[in-house]
Structures are given as structure tokens and as C-alpha cells.
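Knowing the structure of chain A, use the given hints to seat chain B on it.
Spelled out, the chains give:
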Amino acid sequence: MTLQIPGRLRETVARDGETIVYVERARLLEAMTWLKETPGQEYDYLVDVTAVEFRDRERPLEVVYFVRSLSCRADLRVKVELDAAGDLTVDSVWGLWHGADWLEREVFDMFGITFRGHPDLRRILMWETYAEGFPLRKDFPLRGRFSRAEQVRQALNANPEAHYSLDELSIADAWGDLPDDMRERLKRGERGVVPE
Amino acid sequence: MKRVIESKEVAGQSPNYLLAKFQDLVDWAVNSSRANSLWPMPFGTACCAIEFMATAASRYDFARFGMERQAFSPRQADVLICAGRLPFKLAPVIRRIFDQMPQPKWVISMGACASTGGIFDNYAMVQGIDTIVPVDVYVPGCPPRPEGLLYGVLLLHKKIKGESLFDAERRRDEQPLDERGLRLSPAEIDEVSEPFGNSVHQFRSS
Numbered sequence: 002m003t004l005q006i007p008g009r010l011r012e013t014v015a016r017d018g019e020t021i022v023y024v025e026r027a028r029l030l031e032a033m034t035w036l037k038e039t040p041g042q043e044y045d046y047l048v049d050v051t052a053v054e055f056r057d058r059e060r061p062l063e064v065v066y067f068v069r070s071l072s073c074r075a076d077l078r079v080k081v082e083l084d085a086a087g088d089l090t091v092d093s094v095w096g097l098w099h100g101a102d103w104l105e106r107e108v109f110d111m112f113g114i115t116f117r118g119h120p121d122l123r124r125i126l127m128w129e130t131y132a133e134g135f136p137l138r139k140d141f142p143l144r145g146r147f148s149r150a151e152q153v154r155q156a157l158n159a160n161p162e163a164h165y166s167l168d169e170l171s172i173a174d175a176w177g178d179l180p181d182d183m184r185e186r187l188k189r190g191e192r193g194v195v196p197e
Numbered sequence: 298m299k300r301v302i303e304s305k306e307v308a309g310q311s312p313n314y315l316l317a318k319f320q321d322l323v324d325w326a327v328n329s330s331r332a333n334s335l336w337p338m339p340f341g342t343a344c345c346a347i348e349f350m351a352t353a354a355s356r357y358d359f360a361r362f363g364m365e366r367q368a369f370s371p372r373q374a375d376v377l378i379c380a381g382r383l384p385f386k387l388a389p390v391i392r393r394i395f396d397q398m399p400q401p402k403w404v405i406s407m408g409a410c411a412s413t414g415g416i417f418d419n420y421a422m423v424q425g426i427d428t429i430v431p432v433d434v435y436v437p438g439c440p441p442r443p444e445g446l447l448y449g450v451l452l453l454h455k456k457i458k459g460e461s462l463f464d465a466e467r468r469r470d471e472q473p474l475d476e477r478g479l480r481l482s483p484a485e486i487d488e489v490s491e492p493f494g495n496s497v498h499q500f501r502s503s
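Residue numbers (our numbering), protein chains in the order written: chain A, 2 to 197; chain B, 298 to 503.
Heads up, none of these hints are tricks.
What follows is a set of in silico ranges between Cβ atoms, one per label pair, in the way DEER data are often shown: (1) B:351 / A:129: 30 to 38 angstroms; (2) A:179 / B:469: 40 to 48 angstroms; (3) A:84 / B:356: 52 to 60 angstroms; (4) A:71 / B:475: 53 to 61 angstroms; (5) A:74 / B:451: 52 to 60 angstroms; (6) A:71 / B:488: 53 to 61 angstroms.
It should be emphasised that the hints constitute simulated quantities derived from the structure, not laboratory data. Cβ coordinates follow ideal geometry from the N, Cα and C atoms, glycine included.
Bound conformation, chain A alone (with noise of 0.2 angstroms):
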């Protein structure tokens, strides 16, 4: 079966009843397509995004996309390997699946891999501003990069309530159809830019 998902394939592990698919970066797009696309495949779940890195700096870091069919009844686990000195950047399957939106954020959040095509690739966890780096990376020390009281300051000089986009309210879209008070109350909000 995985034989004949487009793009070169590294590798194909089976185990434990699992199988495991390495697929090049560039054509992870076109796999991805092929896989929930193709009759007979039908992956058109996704279960989860995220990726690994490894103790041993050897071995590159892993984007795993995990995706179910529901027809078929089958799970397959994709693997994007990238360089970690490298350029950290992948395609977007929000196309594919709408639900990776979040689940490509807490990547990028937490590992600071790059998610090209995604609609609104921001922190997820940790807030806007966190500027110490990519916590669940392997350089990254348990305790944060700045010392204690700068960690303090920052957050208490947090806006707790400037975390939402309008682009995440979905309030963009729907623009032309609010009522005229709203899109004062908006343009005067500091919840982001309202388009013109």
C-alpha cells in the first residue's frame, strides 16, 4: 500500500502493528493529498500533530503526523524528518485538514517548526510575546532562558486580555455583516487590526 504513495519514500517501518511512513519534506504536500484523496485510502482524519527531538543530536527531528481513516479503518503515522541546524520548515496540511490549525501551532510554539500555508501561525500555549524560545527543544534549558524576576515582569506586564485575533474570532470574515456599533466597538478594541 504505502508503496505507492507519491514522493521517495526513506523508509517504511512496520511494528507493533503500526506503520510508519518517512516521506520526504518536499513532497510531504503531495503524499499528504495523495493519502486522504485517493479511493481506497481515505485518511481523512487527523489525529494528531507533532514532532520529536532526539537526545542523540545525530538524528534529525521528526514532524509525526498521525492520521486515521475512518472508512478503512486504519491508522498510519507520517514522518518528516528535518535537519535541526537546518531550515526548519514544512508545509502546511491546514488544506487538507482544518484541524491542524491548532495542532501546527503548538508545534511551532513549542518546537519552533515552521508551518508554510498555515492561516494564523502563532504561539498557542505560551503567549504572544514569550521571547525565550522553543521550550521543548533539547537546547532549550528546563528553566527558561531569562532569569526569575525577568520571567516575572514579563508576565505580570501581560495583557491577559490580548491573546485573541480578530483573525481567530473569525471576525474578519464576517465583516461586511456585522452591525455598525460592533465595528466601532471593534475598531476602537485592541483585539487587532480591523480591515478597511
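Chain B only, in chain A's frame:
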């Protein structure tokens, strides 16, 4: 009352019994009212909140100690009970809640995480909420049993009954954040956030 009279005598003046007794009477009345009708504002973020709920429920029932009404609005609360760990992301939130509470107000830090950061000596966690808000009673435990929290509440009663309307040293006035937006100085925050116990040996870095 005896204490106040004695202090007047030490000052070498004739003891002003009426004033001394009046102040003590007012303090007694005010403090008893406050101590015996605390309205807690629960700020439950983790497993301590489960024990807090057990304390509020019928078996332990902190309504017996006057905490009949839990105020889920900070505007009508006396005691902020931080039950659970506090991430940095919640630090401005708890500070705002604390600022919204009317004076007089007290804070109970419930559990190891709220008091010191506990096992979470990492990048995301506040190492003791006393770096954010002033704390009156620390209840140790992971999580504390309801008896522990009740004991903390009774200690708070004791503290409240020792306060005075007429002596600024014996009460806590509003403490706004300084111009840096901090409650303690950076050196103090670094000092209280020092790793201790097992977390001294805990590391993950290159």
C-alpha cells in the same frame, strides 16, 4: 486590652482607659466580624482545587467557620485562595483578580505549587505566588488535606483578629505594583525562586 493599658503606662503618661478600651472594642468588633464571615474567592488551577472543593463540601464544610458564601466574583470576596500551580500566563490574571478585591483582603496559598512552585521548577511556572500577590497563610501539602486547609483558615482567623484599624503596622494596606510592574524587587524574586530540594539536581540543557 491589658496590653494597650500597659503600653500607655510605659510611656509615662496617665493611662487613657477610655480611648484604649474604645479602640480595642472597635478592633475586636471589626476583626471578629471579618474573621468569622470570610468570603473566599477560589482560584483553583489544579488538584488542590479538588481538596478545596472537599473542604467546602458537607463532610468538612468550611461554612462552619463563616465561609458560607463562596464569591466567584472578586468584587465580593475577602480571601483569595490560590489552589494549585500558577503558570506565568496566569500571573497577570491572578494579579488583576487580587487588585479587583476590595480591602481588606487576604490571600491563602494552598499547596506546594502555589507556595513555592512545588515540583514544577520549570520555564512555565511561577515559583511561589508571593512573587505576584502578598500571601498571608501558606498551606503546605501536595495537595493539603481538607484539615490542613481548615487549619490554614483558622490561622488566618487568628491573624485577622490581631489586626488593628488604628495601627498601620498591624494591618496590610493596598500594595500596588511598582513602576517596573513588580511586587518584589528582582533580587528578592530571584532569591525566593532559587531551586531547592530535589530540583537542585534537575537539569535539562545542552
